[in-house]
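K.L.:
Listed below, chain by chain, are the residues.
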Amino acid sequence: MGRNILNIYCLAVYAFLLAPIFVVVGASFNAGEFLTFPPQGLSLRWYFTFFENEVFLRAIGTSLWIAAVATVFSVVIGTMAAIYYVNFAGRYKEAVRVAALSPLLLPEILTAIALLFFLYDIGIGTKTMFGLLVGHVLMTLPFVFMNVSASLESYDTDWSMAARSLGARPWTRFRRIMLPLIKPGMIGGALFSFVISFDIFTISLLLKSIGTATLPIQLFDYLKTNYTPEAAAVSTLSIVATITVVVIVEKVIGLKMHKF
Amino acid sequence: MTEVRLNRLTKIYAGGKPAVDAISLDIPTGQFVSLLGPSGCGKTTTLKMLAGFEDVTSGDITFDGQDVVRVPAEDRDIGMVFQNYALFPHMTVHQNLAFGLEMRKIARPEIQRRVQATLEMVQLDHLADRYPAQLSGGQQQRVAIGRALTIEPRILLLDEPLANLDAKLREEMRVFIRDLQKRVGITTIYVTHDQAEAMTMSDIVVVMFDGHIAQAGAPRDIYETPKTAKVAGFVGQVNLIEAHVDPDHPGHAATPFGPVPVTAPGVGETVTLALRPEAIDIAPAGAPGTPATIERVQYSGAIVDYTLRFADGTAMEVKTIPRHPFAIGDAVSLSVDLARFRQLEREY
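Chains as they are written, first to last, in my numbering: chain A, 1 to 260; chain B, 1001 to 1348.
These aren't lab readings, by the way, just hints derived from the structure by calculation. Don't take every hint at face value.
Partial pick of chain A residues on the chain B-facing surface, computed with a CB cut under 10 Å [what the hints assert, rightly or not]:
hint: 1; residue: 89
hint: 2; residue: 93
hint: 3; residue: 156
hint: 4; residue: 164
hint: 5; residue: 172
hint: 6; residue: 177
hint: 7; residue: 187
Quick look at which bits of chain B chain A covers, simulated, 3 or more residues with Cβ under 8 Å [what the hints assert, rightly or not]:
hint: 8; segment: 1078 to 1091
hint: 9; segment: 1098 to 1111
Computed from a predicted structure; not experimentally measured. Beta carbons: idealized from backbone N, C-alpha and C, even for Gly.
From just these sequences and the hints, can you work out the full model?
P.N.:
Quick look at the structure:
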């Protein structure tokens, strides 16, 4: 009896979480002119439309490019920050942690406005992709930081000492011992970072240069004037991409963790 | 092989009293030396300074007369075995053993040969491709020792290596480590708080308290001729007897067993004498000796421990093979070879 109620409750929660996805995916196969659910007839026409729509393709290209570059920077900076935080911060440990996580704690719009003012103040502005990239690195940094810190907390400093006694110099100790052992955290952080960057809206809206648009911005723009199932097709492809990344996380990290 | 010498070696952490306070010690080539003491006595700090993991505040460490204080750990050529083994979890046993040789830029075939030799030496050739997590505690321990030895270091340092093993395995590993050390002939420094380990394995036991060396010597000397009550008590059970110098026998202290010769202060002053529990013979009442009463019996098979009390109220521990089935309350007679008494130094 109690178990049945629990089951029903779980089903309800899942339905609440997943229903919008079903609606979007369903609507993307619409044969009609308008974004409706349930779809009026099934067709892939809006996918074809999308693949011929250069604006969307360019937006996806921009999003992928920014996500990739931001992830690289986030992983490098976030890993260095995590190493400092775990091994060297001493009594400033808590302060370092809060600082590194602050982009998560503050409303995104505040970070965006602050960055916008700052970029104009120092004369960089938003003419180039630079500001946008900085914003994305800032927003994805906490995820790398958290993942790598977690890996480092289970890193035994005796491993470094053992390597040292065997003749390994600092860089070799990092490359041969620490790096392989925190790699799962770095990969996890990188995947999070990529997915989060792909999804960032507010920062992108304020910091994008004229004429560039990431996918979320382009979708928003499109929906302001159009209401076709093409938007649903784009969304569906984004969902597929996200799930692919999650599956990779599970395969790569899940297996890695098993070995130790 | 390497002779190790510590000269007034000192370590002071910021704002504290010395963790290691001007200790001096000569370790002859090929000897197995234990640093024995309670936690916080400075034994691990001493080991870390030897390894190069801790800076030296003052004093010298020399290997074969060569000062190594300013040589970084990675160039000091020491083999180190950690309490938790510190095996690299992402490397197989073979890769763990090869690591130190790779750091020395030794050619592949030679690495292969030396790793194989080490695997055979620590009896692990059948597990070369396993990861540390797939090994038992005892096997991990042997990998750790093998890894430290493949580089053919000048000295071998072990930091409480048996602390995480169960009692039976610990005894096996004691024999294993000792045999291996003898075979390789490497100068070895072993940190432990377990007196049985230190006594059974070492050529020299160094007993440390509060950053000082209380006494250094062969296990037998430490046990039979302890300098202070603290040393006597740390390496085994001991009866401490505060005795007055006997007015009737100048140069002797009065004990329940009779006058014991002491290097004596004047009449009326006290000295502290140590007497090991197994030095005392226990016989049924009426036998020659000093009468006493049994207060407590702890029978453990091969040996039995008695707590006894003399008529004057002094308590005494006796350890013996269980010859007589004495029970609590029995009157017995105790005797001792007076030469077994040891006069202790005063501790201030």
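K.L.:
Could you tell me which of the hints above the structure violates, numbers in ascending order?
P.N.:
Those not satisfied are hints 1, 2 and 7.
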